[in-house]
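The listed protein sequences derive, respectively, from chains A and B. The first sequence begins at 158 in the numbering used here and counts up one residue at a time. The second sequence begins at 10 in the numbering used here and counts up one residue at a time.
Hints were generated in silico from the structure; no laboratory data involved. Note that beta-carbon positions come from the ideal geometry of N, C-alpha and C, so glycine has one too. Among these hints, one or two may not hold up.
Claimed, not checked - Sample of chain B residues lacking proximity to chain A, with all beta carbon distances greater than 10 Å (derived):
| id | residue |
| --- | --- |
| 1 | 20 |
| 2 | 39 |
| 3 | 61 |
| 4 | 96 |
| 5 | 107 |
| 6 | 115 |
| 7 | 135 |
| 8 | 148 |
| 9 | 152 |
Unchecked claim - Partial pick of chain A residues on the chain B-facing surface, computed with a CB cut under 7 Å:
| id | residue |
| --- | --- |
| 10 | 532 |
| 11 | 539 |
| 12 | 541 |
| 13 | 568 |
| 14 | 570 |
One-letter residues, chain by chain:
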Amino acid sequence: MYWNKSRECMSRDELEFHQLQKLKETVDRVYHNVESYRHKMQQKGIIPEDIKSLEDLKILPFTTKQDLRDNYPTGLFAAPLSEIIRIHASSGTTGKPTVVGYTRRDISNWAELVARCLVMGGGRRDTVVQVSYGYGLFTGGLGFHYGAEKLGAVVIPTSGGNTRRQVMLMKDLKTEILACTPSYALYIAETLEEMGINRDELHLKTGIFGAEPWTENMRKEIQEKLGIKALDIYGLSEVIGPGVACECSEQNGLHIFEDFFIPEIIDPITEEPLPPGEKGELVITTIDKEGLPVIRYRTRDITSIKYEPCPCGRTHARIEKLLGRTDDMLIIRGVNVFPSQIESVLMAAGETEPHYLLIVDRVDNLDSLEVWVEVSEKLFADEVRKLEDVRKKIASDIYTTLGITVNVRLVEPHTIERSEGKAKRVIDKRKM
Amino acid sequence: MFVKQISVFLENKPGRLAAVTKVLADKGIDISAISIADTTQFGILRMIVNKPEEAMAAVKQAGFPASTTEVLAVEVQDEPGGLNHALQVLQQAEVSVEYLYSFIKRNEDKALILFRVEDPQKAVEALKSAGIKIYGSDDIASL
């Protein structure tokens, strides 16, 4: 079953013809509408007409998260605000979030992509889909919501949290497809046990899980505990959101929707393209986006790509399950966290050279983040209450900046190991 | 009128308190009052010592965050109701007590209690006018 067979199963020749036309349009669009892109291309002496084949993509400059930050909030938008109908945002590497904008057409295309993913998971018009991704600035909730509506499925927009109620609705409304983060899926499985509900009392068939890395072992555990097929979905807000790539029922790589995105795998250091099958950084060019097209966007995610035909019949290339990053970004309960963000919170709290360590763990299937902060002369106070206030202040500032709850631990100076050169800022105890 | 107290930050883990007392022992510093306020994560060690400046420098050198605080050393009768008398006086003067602990040594039938209060000046006035003796650094040194 396909959502859009003519697109998902088009021959390589047809696909590449389509890609080239769309790439030309996109380059033309950003060159004329976005000063930053025009400037970067002019510096390299490139004009849109230089793009004559798909190979020519490689002459174009890369786009990074830094570019989004430099052009905060809407400087990279390629459509006027009168055309933009939606904003989403993800946490940036320092205080400011990364803002993305969508035109009506973008929202419709995004829904098309998510609808394809849902069909990969067995979704039909009468399927009950429970969206337990957070609704709001995060792309997960609304992205899935619109995709499921486009499919014509029965959407239950529970968003995250209130797990017992989620389970009750799941049971009573006979949810078949669950969309959430893999760690939340495990948490739901545990809640089932607590509530004394057997998995056979549910009607779940498929889970479409993403927004954080998860291993094959986690997949086995989820599939076993919930009695479902667990599919991996990939996406990032800078590109569009969930639905950039998704596993079909073969569970052997994620089909990246090549009629919307051109993937490349590069060596993150030399920036040279790598051949299929080799691990490197995934770079994505959007070729059918109006609000915020990105040219050769450095995702910092590590994967490999394969072009062999898939038994499911889809012709789009597959990327390997994503597990690593080329930068120090952590994904905690689906939220992107950079150590530098924690550092800027500590600096704002008056620490000129903060010594801190982030301890990430997964307790009862939920990610936890503990922030160790060395107590300097400046932070120290003679009263327990004042020190507790310091802890609470740091925790609440982190919550305000990142939207995640952390446990702050005050430690003695020199507790945190100093290494030559780059300080070790993170200990990730999660079993990946 | 006030006595200098040294406060040291300690993590709640084995050996930390002993590390501080070793630093002081090595310097031949005498501890005349000591207390710990603890939470699940950390504690604050508070002490009155005979050589505060030296003790402070040694503790800091050993890498412990430390600060000095001025506290009141109040004499109370070492008998039932002795401490209560001083606290009643403070309460009537509407002075809140942050914390208190007692001296190791005593002066005949008198006990010495160290007070950290919200408004030290007001506390001193109230205690004095109630006839309660407050010790200065010199008084303590001669104990």
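Exercise for the section: Determine which of the earlier numbered hints do not hold for this structure and return their numbers in increasing order. Expected result: Hints 1, 5 are the ones this structure does not satisfy, whereas the remaining hints hold.
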